[in-house]
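In order, the protein sequences belong to chains B and G. Straight run, no breaks: the first sequence in our numbering ends on number 839. Straight run, no breaks: the second sequence in our numbering ends on number 490.
Simulated from the structure, these hints should not be mistaken for laboratory data. Careful, some of the hints might be misleading.
[Stated by the list, open to error] SDA-like mimics (lysine to any residue), calculated; alpha carbons at most 20 Å apart, straight line:
hint	chain 1	residue 1	chain 2	residue 2
1	G	Lys231	B	Trp684
2	B	Lys660	B	Gln326
3	G	Lys347	G	Phe406
4	G	Lys465	B	Ala171
5	B	Lys121	B	Trp192
6	B	Lys239	B	Trp192
7	B	Lys776	G	Glu265
8	B	Lys776	G	Lys465
[What the hints assert, rightly or not] Pulled a few chain G residues facing chain B out of the computed Cβ check, cut under 8 Å:
hint	residue
9	Gly175
10	Thr221
11	Glu266
[Unchecked claim] Now the in silico label distances, taken between C-beta atoms and shown as ranges:
hint	chain 1	residue 1	chain 2	residue 2	range
12	G	Lys250	B	Ser780	20 to 30 Å
13	B	Arg180	G	Asp462	28 to 38 Å
14	B	His161	G	Glu327	30 to 40 Å
15	B	Glu164	G	Lys486	49 to 59 Å
16	G	Val480	B	Ser131	50 to 60 Å
All C-beta atoms, glycine included, are put in the ideal place defined by N, C-alpha and C.
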Amino acid sequence: MIAIPKYLTRFTVSLFTMTVFSCEMQQKVDFNAEIRPIINSKCISCHGGVKKSGGFSLLFRSEALAPTESGSPAILPGEPENSELIKRIQHHDPELRMPLDASPLSDKEIRLLTQWIEQGAEWEDHWAFVSPKPVSPPEPEDLWVQNAIDPFVLDQLQDNGLQPNPKADKATLLRRVSLDLTGIPPSPEQVRHFEEDTSGNAYEKVVDRLLASPQYGERWAAMWLDLARYADSKGYEADRHRDIWRYRDWVIEAFNQDMPFDQFTIEQLAGDLLPNSTREQQIATAFHRNTMTNDEGGTDDEEFRVAAVLDRVNTTWDVWQGVTFACVQCHSHPYDPFRHKEYYQFYAFFNQTEDSDKYPDEPPFMLVYQQEEDGQRKQIQAYLDSLTRSGETTRKSQRQIARKEEELKQLKAYKLPVMKELSVENSRKTHVFDRGNWLTHGEEVWANVPGSLPSMPADAPANRLGMAQWLVSEENPLTARVTVNRFWGQLFGKGFVETQEDFGSQGFKPTHPELLDYLALHFIHEQKWSVKKLLKMMVMSATYQQSSKVRPEVLDKDPYNYLLARGPRFRLTAEQLRDQALAVSGLLSTKMYGPSVMPPQPEGIWQVVYNGSRWVTSQGEDRYRRALYTYIRRTSPYPSMITFDGPSREFCLTRRINTNTPLQALVTLNDPVYLEAAQALAKHMREKGGEQLQEKIRYGYEKVLLKSPSSKTLQTLTALYHESQQHYQDSVMQAVKQTDNPSKAFEPELAGLTVVANAMMNLDSFIMKE
Amino acid sequence: MKIYKEAIHKKFELETRRHFLRKCTSGIGALALGSLLGGCGKVIDQMGQMRDAARPMKALPPHFAPKAKRIIYLHMAGSPSQLELFDYKPELQKLDGLDCPPSLLEGKRFAFIQGVPKMLGPQYSFAQHGQSGAWVSDRLPHFSKVVDDVAFLKAMHTDEFNHAPAQLLLHTGGPRLGRPSMGSWVTYGLGTENENLPGFVVLVSGGTTPSAGKSVWGSGFLPTVYQGVQCRSKGDPVLYLSDPEGMNRNLRKKSIEAINKINQETYEEFGDPETLTRISQYEMAFKMQMSVPEAMDISKEPDYIHQMYGTEPGKASFANNCLLARRLAERDVRFIQLYHWGWDSHGAGKAEALDHGFKDRCQEVDQAMTALLQDLKVRGLLDETLVVWGGEFGRTPMRENRGGQEMVFVGRDHHLEAFTIWMAGGGVKPGITYGETDEIGYYGVKDRAHVHDLQATILHLLGMDHEKLTYQFQGRPFRLTDVHGHLIKDIIS
C-alpha cells in the first residue's frame, strides 16, 4: 500500500470511500478541503474566469451568488433544495446534468455540496492567500529531533508508519552541506578535520564556516540569477552584448553580507526611489533591466517597451508571490481570485520608468567600474571633493583638478542599465489591454495591488517603492512562504509546495503545511528575514542530516520522498557540476566579480544574424572561474550549461526541471573542460598518490568522492588502468596526443591515470548530491 | 443519442478512476513530467501515456492512426517572396511602378516601408506545370517538375511582422521566447523509434542560425531532453560526441563499462532508481557515438545521389542537409528540421535583393529540395514522411522604400497577411492548391490558414490532436497551438 501524504487523505477519502457519512452531517463542511477541489476539478473550466457559461461563475462568492442568465442565482444559501446548482448536478437527463459531457458527480460530492449550501455556502480563501497563523511544533518525544523543523516531519512520518533514516556519515554530510551552502565540495583535508573533530558542535562550526565563506554568496547568486533572468546579452534577433555583470556582483555581495530579504527585495525593485539612494541601491535596480531589448531593424520600440514592462510584472509575481499572474494579462484568472483589470493596476507600478527599448546604450544607465578601477575612482573622487571643499582656486589646484578629471575619464567605465522613474509631468497613462493586446486599450487604471490580497500599507507611496514594501509587509501571505519554500527546495530537491511557481489553487498543496507556515513566520519575526539564519536552521535539522540511502519499504511507500524519511539525493546543478570538476582537480579559480568570462566552447556555436560578436576564449585563470561568471548569450547559451538544464535566461525561471540524458554523459566524458580537469587530477594522482598504482587510484578517488573506494571499485578502476596500458602499447603514437604536453616523451602512466580520473568524474556519486 | 452519451460517461468515469489510481501510485495528483524524469520507474502522465523514466524518448502510441511517421520541415529563414515563386499575380504587373493606393496602407504596420511606396510587379516569369497546372516561376526549374506531388497553401497568414517573433510564432506557437518548439512537442508526444539517434535533429545552412536563435528548436518549459539537437557539418556532428584523441572505441567501451559497474554498486548501496537511469543513459551515449557519425556521413553515398542533390561531402550546404534529412528519415528520426538563412529580400543590400541574392538562394535550394522529394518517393518513404517548406511570413506587393527613398536594389518588405508554403507526402493531398489571395497578393481571400492551423494540421498528420497534446506549466495546461488552431481538413488525403 502506498502511503498518502496527510494533506491528500481527506480528498482521497471524499472520492473513494463510499461508506456511511451520517456522522459528518453535523460537521461543518471545510470549503478548502472539501468543496474547492470539487469546484476546481469539475466546474471551474466552464464556470469561472474566462468562461462563465450560463452567466455563472464560481470564482468569487459574490459571483457565485449573483443572478445567472436565467435571472435567478444558482446558489441560494441555506436552501439547497431550491438551488439550481444542486438540481443540475443530480438531473436525470444527461443533456441537462452538470458537469456537461462528463461523468456525474459522486453521491459523496453531491452530499457535500448540498451540506455546504445548507450551511450557508460560505467561501474561504485559498490557503495561500490567507496569512499563516502561528503554530507550535508538535511534541513527539524523540531523541532524533534537533530543532523545530524535525517534530513536524517526524509527526507526519509516524502517521504513515515510517521512521527517519539514520544520520549520514560525516564525509557524505560534509560534502552535502558544502555543496548546498557554497556550491563547492570540501577538500579531503576538510573531511578529515571534520571526522576528527568529536566536539558536540563540530557540525555547527562547519556550517558557520561555510556560511561565512565568500563562495556562499556565489552559490546563492547562481540561484537568484535564474529568477532575475540575468544574461550578458539583450535577447531577440540581434541579441547584442549588454554590460550588466555589476548587478550580478551586487547579488553576490548582498548574499554574503546577509542583507535581510525584505531589504534585498526593496532595493532590487525600487532602490532608486529610496530617499537619498546610494550607488549600490541604484545598481540593485538592474534586476528589472534584465528584460530583453529588441535591436532588430523595423521594430516598434513601444511594443517591446510594453513587453519588458509585462515581463517585470510577471517576474515580480513569479519570484515573490508564486502566483501565475501572467494568466491575468489576457483575461481574469481562470482559477485564482485575480481580475483582468487588477493586472493592469499592478502594471501601472512599472509603467513609469524611463527606459523605452532604445539601443545601443539602453538608457537610463549608470557608469560602473571593475573593482580595481572602482577603488581608483573613489580615491580620485574623494581628492576632487576635498579640493572643492577647501575652496582653493590657485592655478596649481586647477591644473590638478583638470589632470585628475582626465584620469577619471581614462578609467574603463561600463554602462549599467538601471531603473529610473519618469518625472511627474512625463508620467504615462495606463490602460487595460483588451485580451492582452497592447494596441487595444480598455479603461484607464491607476497603480494598486489586487483586492484579494491585503491592501498596501497605509504609509506606502503608490509607486514601485510602495509596491515593494507591500510585498515584504508582514501582512502579505505569500512572500515569506514562497521564499522559504524556494530555499527548502534548493536543499531538499523540491519545496513543500512542489510547484514552486504556483501557490494558487491549481498548484500542489504543501506536503507539510504547518511546517511551511512555521518557517515563514519564523523567517519574518525571529530571523528578521536573514537568509543565513534560515538556511542554518534548515541544514542543522535532523531531517536534513539523514542518510539518503533508500530503504526498499520506504521506496514503496514514498518513492518521491515527499515525507522526508531520507535525506536528499539529486543531481547537482549545471553550475555545481562544472565547479566541482574544477575544484577536485585543483584548477578552480577563486577570483570573484567582474565582466563575464568565456571558457572554452566548441567552434561555431555562435552564429547569430546581424551581430559581429565573437566568442574569444578567456586566458589564464579566467578559463577556470566559477560557472556563474560564464558569459550567457540568450540565443546561444553555453552548451554544457544548457545540457544540464540551465535556462537560457530569456524569462524568469523559478524551478529547473532535472533531466538525465545521453547528451549529459557526452559532456562529462568528452567536453575539453572536463578532460582538462581529469588530466590535472591525473597529475596529482601520479605526483602525490604514492608509489603503488592502487595508492594513486585511491588517492584520486578520495579527492573526487571524499570517501574510500570499496575493494570492488578499486579493482574495477585498476582493471581500467591496465586496459588503457594495453591500448597504449598497441598504439603508442595515438597516445602521444592524449597528454597535454606533446613535446615531452609520451607518458603512458599519465594517460592511463587520466582515463581513470575521467571515469571517476562520471560516476553517479560524483554527479549527484548524496 | 443519450444512450451513446451515457456510454461515453461510463467510459470516462472508468478512465477517471484509473487515472486517479495512477496518480496515487505516483504519490501525488497532477504529477509533473519533470518530477517523473528526475524520478523513477514507470509512471503514467497527465495525458494517460505510460512513460518510462529511464527512457524519456521511448516511442509512445499516437492519439489515433497517423498519416505520417515523421516530418522534415524545410524552413526558409528570412522569408522568401511568394510573389516571385508561387503566387502569380499578372494584375500586379500592370500596377508596377504606380503609387500604392492609401487604402492598402491605412492602419497597417510595416517593418521598413514609409510614406507611399510604389507597387512592384513579379520580377520573374511564371508558367504552369504538371497535370495540376501549378504556377511556378522560372527560378525553380527543378521543383516545377514535381508540383504534382505537392500541395500549395497560398493564403497562409501570421500575426507577427518581425523575423524573430514570427519564427517563434510559427515554430513554438507564441511570439515570445520561452515556449517549446514544434519538434519538442512532437518528440514529447511520440518519442522516437530509434533511440540510438536524437529524436529531433536540426540542420542549419546559410551561415547563421535563424533570427530567433536556438529558441526555435528549444524545449521551452518541457524537459530539456526534448530540445532539438543541432547536428553540425563541421566538427563533431553532435557536441562532444567524439572521444578525445588517443581514446579509441574499445577503451571508451571499457571506461563506460567501468563507470556502470561502479554505478551498479552505488545503486546497490543507495537504492536510488536515478542511478539505474544514469546507467542506461551512458549505454545510450556509447551507442550514439557510433550511430550519429554513421548517419551523418554522406561520403559513402553513390555518385548518382550526389549528382541528384548537388551535394559535396564536407561542405556546409542546404543540399548536404537535404541528403542528410533523407538519411535521418531512413533511420526513423521523428522530427528533422532544416533552416536555410538568407531570404530576407528587402533590397537594402545586394546579397539579399530580389534581383541578386534571391536568385542565388533559389539555386541553392531548387535542385536539392526536389531531389529530396524524388528520393523519398523512390525509396517508398514519402508516403510516411511529411515534408513542409516555407518562411515565417510573406512579402509585400509594394517595393520597399526604406527611409521613404527609392533603393538601388529591388526588394519587398515583411508582410503578415499572405504567404505561400508547400507540403508533400505524409497524408497530404498531392497536386492541389489550397487558398487564394487577392489580385495583387496582398490579402488571402479564400481558404486562409493561420500558422496555428498549420501546426494543428501537422500534429494531426502525425497522429495527435493538438488540443490534447498538453503540458501542465505554471498552473495551466499549455499546448503548441495555445488556444487557437483549426485542422485544415481539405488538404488531408
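For the hint 50 to 60 Å, verify it against the beta carbon of Val480 of chain G and that of Ser131 of chain B. violated, 27 Å
Given hint Lys465 of chain G paired with Lys776 of chain B - CA-CA distance at most 20 Å: Violated: Lys776 of chain B and Lys465 of chain G sit about 49 Å apart, past 20 Å.
Compare the distance between the alpha carbons of Lys231 of chain G and Trp684 of chain B with 20 Å, and conclude whether the hinted pair is satisfied. Cα-Cα ~17 Å, so holds.
Given hint Phe406 of chain G paired with Lys347 of chain G - CA-CA distance at most 20 Å: holds, 7 Å
Hinted contact Glu266 of chain G with chain B - closest CB pair below 8 Å: holds, 7 Å
Quickly compare the C-alpha distance for Lys121 of chain B and Trp192 of chain B to 20 Å and report which way the hint goes. holds, 19 Å
Hinted pair, alpha-carbon criterion (20 Å max): Lys239 of chain B, Trp192 of chain B. Please report holds or violated. violated, 51 Å
Outcome for the supplied range 20 to 30 Å, where the beta carbon pair is Lys250 of chain G and Ser780 of chain B: Roughly 24 Å apart at Cβ, these two residues keep to the hinted range, so it holds.
If you check the beta carbons of Arg180 of chain B and Asp462 of chain G, does the distance land in 28 to 38 Å? Once the Cβ atoms are compared, 36 Å apart, the range 28 to 38 Å for Asp462 of chain G and Arg180 of chain B holds.
Hint status (Cβ of Gly175 of chain G to nearest Cβ of chain B, threshold 8 Å): holds, 5 Å
May I ask you to test the hint 49 to 59 Å on the CB atoms belonging to Glu164 of chain B and Lys486 of chain G? Given range 49 to 59 Å: violated, Cβ gap about 27 Å.
Decide if the proposed pair is consistent with the structure: Lys776 of chain B and Glu265 of chain G, CA atoms, cutoff 20 Å inclusive. The hint holds at about 17 Å.
Consistency note: the structure conflicts with the earlier hints numbered 6, 8, 14, 15 and 16.
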